[in-house]
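Please assemble the complex out of the two chains, which come individually in their own frames, going by the hints.
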Amino acid sequence: MSLRNLVWFYRRRVRPRAVQELLALVGIAVGVALLFAVQVSNSSLSASIAQLTHGLVGNAQLQLVARGPEGFDERLLSQVEDIDGVRAAAPLLQVPVNLVGPHGARSATLLAADPRLARLGGDLLSGYAAGRLASLRAAVLPAPMAQALGVRFGESVALQVHGDTLRAPVGAIVGRRDVGVLADVPAVVMPLTYGQQIASMDGRVSRIVVLADPDRRAAVETALRRVAAGRIDVLDTASDARLFARAAMPNDQSTALFAAISAMVGFLFAFNAMLLMARERRRLIAELRMSGYGLGAVLEVVLFDALLLGIAASVVGLALGDVLSRFVFHPSPGYLGIAFPVGTARVVDLQTIVVALAAGTLAAVLASLAPLVAAFRAPAMDAVGEEAGGDADPPLRRGPLIAASAVCLAVTTAILLAAPSAATIGMVALVASMLLVLPVALTSALTLVERQRRRIASVVPAIAIGELLSARTRSVAIAAIAAIAVFGSTAIEGAHQDLQAGLDPNARELNAVADLWVTPAGASNTLATAPFAPADAIARLSLVPQVKDVHVYRGSFLDLGDRRVWVIAPPSESARPFPPSQIVDGDLRTAMARVRAGGWAVASEAVAKQERLRVGEAFTLRSPVPTRLRLAAITTNFGWSPGTLVLNADEYRRAWASDDASAVQVDLAAGVTATEGRQLVRAALGPTSGLSVQSAHLRELRDRATTRDGLARLTQIASLMLIAAALAMAAAMAGMVWQRRRRLADLKLAGIGHRQLWQALLLESVLLLGVGCGVGTVYGLYGEQLLNRALNAATGFPVDNSLGVAVALLSLAVVLAVACTVAMIPGYLAARVPVEAAFRD
Amino acid sequence: MLDIRRLVKYYRVPGGEPVRAVDDVSLSVARGELVALYGPSGSGKTTLLKLIAAVMAPDSGEVIVAGRDIAHLTDREAARYRLREVGFVLQTFHMIAGLSAIDNASLKLVGTGLRVREAHQRMTPLLTRLGLDERAEHRIGTLSMGERQRVAIAKALSTDPGLLLADEPTGNLDTRRGYEVLALLRELCRERDTAVLLVTHDPQAAALADRVLALRDGRLVEYTPDAPPGLPTLQPQ
Numbered sequence: 001m002s003l004r005n006l007v008w009f010y011r012r013r014v015r016p017r018a019v020q021e022l023l024a025l026v027g028i029a030v031g032v033a034l035l036f037a038v039q040v041s042n043s044s045l046s047a048s049i050a051q052l053t054h055g056l057v058g059n060a061q062l063q064l065v066a067r068g069p070e071g072f073d074e075r076l077l078s079q080v081e082d083i084d085g086v087r088a089a090a091p092l093l094q095v096p097v098n099l100v101g102p103h104g105a106r107s108a109t110l111l112a113a114d115p116r117l118a119r120l121g122g123d124l125l126s127g128y129a130a131g132r133l134a135s136l137r138a139a140v141l142p143a144p145m146a147q148a149l150g151v152r153f154g155e156s157v158a159l160q161v162h163g164d165t166l167r168a169p170v171g172a173i174v175g176r177r178d179v180g181v182l183a184d185v186p187a188v189v190m191p192l193t194y195g196q197q198i199a200s201m202d203g204r205v206s207r208i209v210v211l212a213d214p215d216r217r218a219a220v221e222t223a224l225r226r227v228a229a230g231r232i233d234v235l236d237t238a239s240d241a242r243l244f245a246r247a248a249m250p251n252d253q254s255t256a257l258f259a260a261i262s263a264m265v266g267f268l269f270a271f272n273a274m275l276l277m278a279r280e281r282r283r284l285i286a287e288l289r290m291s292g293y294g295l296g297a298v299l300e301v302v303l304f305d306a307l308l309l310g311i312a313a314s315v316v317g318l319a320l321g322d323v324l325s326r327f328v329f330h331p332s333p334g335y336l337g338i339a340f341p342v343g344t345a346r347v348v349d350l351q352t353i354v355v356a357l358a359a360g361t362l363a364a365v366l367a368s369l370a371p372l373v374a375a376f377r378a379p380a381m382d383a384v385g386e387e388a389g390g391d392a393d394p395p396l397r398r399g400p401l402i403a404a405s406a407v408c409l410a411v412t413t414a415i416l417l418a419a420p421s422a423a424t425i426g427m428v429a430l431v432a433s434m435l436l437v438l439p440v441a442l443t444s445a446l447t448l449v450e451r452q453r454r455r456i457a458s459v460v461p462a463i464a465i466g467e468l469l470s471a472r473t474r475s476v477a478i479a480a481i482a483a484i485a486v487f488g489s490t491a492i493e494g495a496h497q498d499l500q501a502g503l504d505p506n507a508r509e510l511n512a513v514a515d516l517w518v519t520p521a522g523a524s525n526t527l528a529t530a531p532f533a534p535a536d537a538i539a540r541l542s543l544v545p546q547v548k549d550v551h552v553y554r555g556s557f558l559d560l561g562d563r564r565v566w567v568i569a570p571p572s573e574s575a576r577p578f579p580p581s582q583i584v585d586g587d588l589r590t591a592m593a594r595v596r597a598g599g600w601a602v603a604s605e606a607v608a609k610q611e612r613l614r615v616g617e618a619f620t621l622r623s624p625v626p627t628r629l630r631l632a633a634i635t636t637n638f639g640w641s642p643g644t645l646v647l648n649a650d651e652y653r654r655a656w657a658s659d660d661a662s663a664v665q666v667d668l669a670a671g672v673t674a675t676e677g678r679q680l681v682r683a684a685l686g687p688t689s690g691l692s693v694q695s696a697h698l699r700e701l702r703d704r705a706t707t708r709d710g711l712a713r714l715t716q717i718a719s720l721m722l723i724a725a726a727l728a729m730a731a732a733m734a735g736m737v738w739q740r741r742r743r744l745a746d747l748k749l750a751g752i753g754h755r756q757l758w759q760a761l762l763l764e765s766v767l768l769l770g771v772g773c774g775v776g777t778v779y780g781l782y783g784e785q786l787l788n789r790a791l792n793a794a795t796g797f798p799v800d801n802s803l804g805v806a807v808a809l810l811s812l813a814v815v816l817a818v819a820c821t822v823a824m825i826p827g828y829l830a831a832r833v834p835v836e837a838a839f840r841d
Numbered sequence: 001m002l003d004i005r006r007l008v009k010y011y012r013v014p015g016g017e018p019v020r021a022v023d024d025v026s027l028s029v030a031r032g033e034l035v036a037l038y039g040p041s042g043s044g045k046t047t048l049l050k051l052i053a054a055v056m057a058p059d060s061g062e063v064i065v066a067g068r069d070i071a072h073l074t075d076r077e078a079a080r081y082r083l084r085e086v087g088f089v090l091q092t093f094h095m096i097a098g099l100s101a102i103d104n105a106s107l108k109l110v111g112t113g114l115r116v117r118e119a120h121q122r123m124t125p126l127l128t129r130l131g132l133d134e135r136a137e138h139r140i141g142t143l144s145m146g147e148r149q150r151v152a153i154a155k156a157l158s159t160d161p162g163l164l165l166a167d168e169p170t171g172n173l174d175t176r177r178g179y180e181v182l183a184l185l186r187e188l189c190r191e192r193d194t195a196v197l198l199v200t201h202d203p204q205a206a207a208l209a210d211r212v213l214a215l216r217d218g219r220l221v222e223y224t225p226d227a228p229p230g231l232p233t234l235q236p237q
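For the protein sequence lines, the chains are G and X, in the order given.
Start counting the first sequence at 1; every next residue gets the next number (the numbering used here).
Start counting the second sequence at 1; every next residue gets the next number (the numbering used here).
Hints may contain errors.
Chain X is nowhere near these chain G residues, computed Cβ spacing over 10 Å in every case [to be verified]: (1) Ser458; (2) Ala462; (3) Asp562.
If you anchor each label on the Cβ, the simulated ranges turn out as follows [unchecked claim]: (4) Thr821(G) x Ala57(X): 50 to 56 Å; (5) Glu187(X) x Gln452(G): 33 to 39 Å; (6) Ser444(G) x Tyr10(X): 41 to 47 Å; (7) Val19(X) x Tyr10(G): 31 to 37 Å.
Partial list, derived from the structure: chain G residues whose beta carbon lies under 7 Å from chain X [as the list claims (entries may be wrong)]: (8) Leu76; (9) Ala457; (10) Val459.
Derived by calculation from the structure, the hints in this document are not laboratory data.
For clarity, every value in this text was computed on a predicted model and none was experimentally measured.
Don't be surprised by glycine CBs; every beta carbon is placed ideally from N, CA and C.
Chain X with its partners taken away, still in its complex shape (with noise of 0.2 Å):
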């Protein structure tokens, strides 16, 4: 589904050396496989993301999504490729407070020209799958911490993108609420066949994914777990 190919990103510093965010990075993710991207603060995890969301172009190499080269889109192509196929969940959630779970969840749905009603009718089936079928229409504001990155998860699968980019997407949760929602994120994406690519510096989360690539100034190294002691031991399926 995603086939990075010698991948390089420079971030352009006044008056010194460029810094190569991303340098020389090639890797791929099948349908319906989870791949955490392991890696410190400053590695390059999150630029190699915005460059798989086409929200910058990368100075060299390619980025195919479903056999298409997304790297050098335009604004509207690249507007209707996050539309439409791909999805995120982010760390913190920016969601419109005044709307409803369902209302949020349903956002990317009515953006391809759905009608909220019918929308909503085609968001039902996964919040309820999420666990959120009671909680589809109260206001986001009155929702937990973990109920609103459910909502997340609902509102980034709704268009059935073959592509999931997920960024830290438990960094605000506590520990057990954050392997819920990782490990209910990797089953239906497994029952979706959607590609995950799981971006993250918690080994923990690293230990749910199918594989787990390790990223350290720019470039793909050889992943050594190193969980600390005391945490839940899981074990990958």
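Excised from the complex, chain G in its bound form (with noise of 0.2 Å):
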């Protein structure tokens, strides 16, 4: 059939449907926007830090990294220099700093650079000429950055770093035009000598950074470890996205996990969209092939009109999720900001792209095809009747459907109760059991009401009943659509909820260990891990009479293979060097008495499983200083997700080679409170002080605080998941009532009153999604449990498993609520159809 006629063909079709079709549009439309919206929030942070290390480093292969927040010795870079097959080479120092402004203050990266970096072919140095670089004595500020402080060229910025608050004057602003996606990134960028003086790191360099002949790479890696010495690491310069994507992997995983969810959800919603004009479609085919139109034509004219709209709709659906990814999903570095300088730039490739246009015309072509068999099953007069009362759904044949639905439950729980990591497909498997059962459910219901339905002496049960049951597959299609949103929600909500549950007590116990905790200022620096000297705070602090006792604290980022790991040094004489309540093996005092006396530490899981340690094994740490070291115990990883060590201060400072300490801890005498401790501590310290006085107490609420921050992305899911689902929801149920306007008008020509038909459709919509929330709500609990150990699997985090049922009622409630007032709406306005239409064809 030429396109013309295709064309013809359907404005004659859309013409008189317009509604119902922009209510097909909607549904696609919101499944489309959301999966699009997760994709895109998931793959911008990897997609930024690969961007970031390319603009930082260029076309460099290979780098030489420091394995503690001191560096090692620049002039490491002249015996660089001379290994044969390196072209060229750069020193680079990273610091995190405390920038204040005006406007407030934020964390960011020092980066300080020589213009050796420029030859390497990296975005960072390239505007600027080697001589005026060198010269130079001021800070560079990205003009995100700078806006953010409220800073101008010119004027001075506050960097407070190494426990110390200094002023410098800002040289340049740059943007995207300058300095490429490095721009996005939370950093001041300073010349190599002035930022090593500003971060009392003289003559320290974080990383050696080299670009070698890619014929002699292999000779170049080797030299570069002798050059190491064992002391350095000697890495390809892919290493920074592989230690993020390791950081970043349970993150991923999960988002990935409920992004799947989303897409599934996403893909159901434009379904039953598509599912609210089957009977129209099929009213078209019948008319078709009464025509005398074969299979072949009538084919054309139906992929033709779902691939049309399919499009429209994921178009559209697309321009939605754009909006909701730059305001509600935008990308947030979250905790994993703590160790990577990570942008926050929105990126959004072709892959995204085609992918969401793909799920919405899919969705679109698939279940057009389902009224094309039925309408090919079924004599062509039928269909063409259907309006006079026609049944077009089959008998439901439940016996196969309840053994299906059990066949699907069964493979959930042989995953849950055996490969929690492969909850993707569990989820899928419930879901599919769930929607099986559903059928079954929903006419259970119904025929239980229409029991009653007989003893009652009202005509709304018998019409809303009659109309529940005539159109089953458009009924089904409408509360498979709350049962998913309320499963969802409930399962993503409820395990959401368990984390933070099971995160908590960690944070409570990790701060609880000393009344107060000074450490150097900054949101990034959380955990601790930022060195300074504590000589000058323990003098100052030991001059205060409230103050009975002063510890130093150690703690920095360790990066072993591709995991960059939280190492925790906490003083010899600490009661519990790390929380009680996450040791998964080994005994908690020996392990404890062990870690105190030296020489011992204690692993996270997966440390423990990368380096294949068992408890009272030997191991040699890879620090500065290479340690022999033995295993006292294995715990949770603290819900640092990369992994944890624990070791005491003083092994630290020998395996660091450095007497930096990254928090002192101060116990108050009695009667003192925290917060008169605090303001004692802080005055003590002085004005210029870099430090930052904390209570246990607060401490802990920023961690929580932290933790919320990284699973915020599920409560968005969720949420979005009730909102999509309200608005499909809205889409079907007004879809489904204003089809139904002329047998309406009709039963007022019989003298049905409005109000009496507007009550049947409420109890329609309430039996319907009644029984749709009511079935989500079930399942959602289950799903629940298998998001929990899939959580617990991927994340390594400390998982509370309990029964998230007020999650749910809460669900349920929304869902229920939203829908039933949306619904209230079409339908009222449906009641109200005039009596004339009884006597429209």
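Here it is, written out as structure tokens:
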């Protein structure tokens, strides 16, 4: 059939059904938007770190990387440059700082480089002449950072670094045109010498990046290992992306899991929206057949129709998803920003667009096939006369549906018990089980109500139940939307709350070991990993009578393989060197005693597994000074997904060859409150100190806020699912009710009042959504258990395995209330259809 | 039973002259009488039916049903009037597919406040009379077009209305079935003393009536039967 004819058919069909077509379009668009927004949010951070690495080190392939925050001697650069096959090498200093401006404070990474970095082809110094940079004694700020701080070119910015507060003039403000994607990174750029001076790291660098001859790369790497002498890591430049990918993996896995659920929900929303149009499509096909069109021509017409709708709806969905990803799902580095200089750029790749477009179009095409099959099975005249009261749905086969549902449930249970990492498959099986059992549940519920109906002297239940039974496919489709919404919301939000409940005691135990914590300021120093020289602070605090005791706490990040491990080094005299509730393997009292004594460490499960360690075994820690330790116990990862390692502060000092502290823990004298103590300690440290003072309770709250921030995506997904469900249900219910106006007019002609019709429509909504939400709640609670197991396996976080009944009931109430409220409006309007409509054909 | 006096209904056309859809029509239908209102499409038949059904108000004139003028009822009064005093059989029957034949037929009775069981008891003799006793519990979707139209008649007569309005009730049926349905309708109405106004443009259907009135351009004119050759000859009783 020619395109012209196809368009003619489409216009002829759409013109009188524009509202229904619009509702189907809205349903598909909502599904596509949800899928697109989650995908964009998920891929943006990973894409951002890869772009960032390239922007920083250009074409360099190899690098020497310090194992600790104290860096290494920059004189190694000359040795590196002397290696045969090294085309260029450049030093780089990376130090966490806290920037303070008139508008507030922001955590950032101090990136200090010299002109040699420009030779590697990165964006950072590409706009600067070598001589100009070398002579510059100022800070260069990315424009978004300068704007956030409220500082302008020529003004100065305060830097809190290494425990001190210093001021640096702002020598330039750069944007994307100057430094590419680096403009989106929370950073401050300085010439190397000036940066070293600011950070109290004269002669030290964090890494040396190396551009080698491609054919001599292996030889260069071997030579670099000789220079590193086992105290510095030799890595390829992609290692940053790998470390980030590993750190982000649990987040990505859980978001991907929830994205898969969202996609499934989106697809089902779209599919259900198409089902609302099934009757019209069946009639079109029947009319074509009556006019003598063969299967090929009918297929062309139907698929053209579905393709047009699918593409149009997907485009609208992409636009809606774009808005969602900008304002709701915007990429946020969250807890990962503590250990990685992650940008906040939104990266939308072609694959994401294609997947969303394809999903929307596929939903439209698949849904259009169902009426096609049904229309070819039935005699054409039946389909044409369907409006006169034909029953299009075949009898329900309960046995096979229940059996298939049970098989799917068995698959989920097997995954729950044996392979929680395959949770996506488990969730798909669980949703399949729910959707298979839903028609049975709905029909059973209607049969129950039907029995009661005969005793009632009202036309309302008769109309409601009759209508629900007369369009079972459509009724099930709408109940399915409600079920999926409650299921998704209950499972995701329930699992989220269980995760939070598991992390909360950990935050308390980690911080409650001291009354006050004195640490370098900055939001990114939540885990107390930034170093400072503690001597001055300790001297000042010892003069405060209300301070009973001070202890040095040390900690930092250490890259072990692909893991950026959080090293925790509490003072030797600490009563609880690690949170007692987090032990997984080993004896608690023995392990604590051993960590305090030294020579022993406690590792999280993932680290122990990677290093193939069991409790009691010895290993060499790849610290700046490689150190022999034994494993005292295995714990959870305390909420830091790449893993943790606990050893005492003295051991750390030897292994890192540094006297720097990460925090000073303060015990207050009896009777001194945390608030009083905090004020006294702040005063003792003086106004120029770059240290922040926090009570244990305040740190606990900040830790909780950080984990909440990291898990916020889950709540966003659960909430959006509810919003999408409400929209989809509004569209579905409105479509269902609107299509029936002629029948409603007939009932009005028979003397049934509009109030009774409205009540019947409301009863229909309550029955339909009640069954859908009820089934969704039961399955949602099961889904929560599966997600708990999956999250525990993926993140290693402690998870509190409770049953989120409150969350489930809340989701149920929200969906039911929203959907019924939404259904009231089209119901009211449809019930007011003029009686005159009964006389129209 | 039905007495229409000088009924006028205009349709206002934007920017044009008002169209007289019903122009000074007067007619009456007695209890037990079947009157056919014959006319081509656009002659004003359906408008006249809507005025009698209290779906719209006339511009002038009276519609007296059982001694009461129903021309200007409120919505609530009109609904009550349609529920208890008048029945309808239309060409297209939009029934609730999920309900059985007896459920669909009982809807008006349940609307009057009867329990479903009681309504079913009341409907059973009528359905039997209509030859639907064995199909009463079947879903409406499984019934033939002729059976569905008989369910529609049962529903229309369920509240024992004094007046039954039928708008092309056999339009969706073949000639033989159409005749059977009309004959049954006439018989039932005679038994129940119900006045019937049958709107049709089918001369064969009109031939079944006690009286035939013709409508053209909104006005009653003299009826001249012009049944096409080859159709069975039906004699009014």
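Here is what the structure says about each hint:
1. Interface exclusion of Ser458(G) from chain X breaks down, the closest Cβ pair being 7 Å apart, not more than 10 Å.
2. Distance to chain X contradicts Ala462(G) as a non-interface residue, since its nearest Cβ pair spans about 6 Å, not more than 10 Å.
3. No beta-carbon of chain X comes within 10 Å of the beta-carbon of Asp562(G); the shortest separation is about 60 Å.
4. As the Cβ distance of Thr821(G) to Ala57(X) is approximately 35 Å, the hint placing it in 50 to 56 Å is violated.
5. Our hint of 33 to 39 Å for Glu187(X) and Gln452(G) holds, since their Cβ atoms are close to 38 Å apart.
6. Taking the beta carbon of each, Ser444(G) and Tyr10(X) are about 55 Å apart, not inside 41 to 47 Å as hinted.
7. Val19(X) and Tyr10(G) have their C-beta atoms about 34 Å apart, which keeps the hinted 31 to 37 Å range intact.
8. With 7 Å as the threshold, the beta carbon of Leu76(G) stays out of range of chain X, its nearest partner Cβ sitting at about 82 Å, so the hint is violated.
9. The criterion of a C-beta within 7 Å of any C-beta in chain X is met by Ala457(G), whose closest approach is roughly 5 Å, and the hint holds.
10. The restraint placing Val459(G) at the interface with chain X holds, with a minimum CB-CB distance near 4 Å, inside the 7 Å limit.
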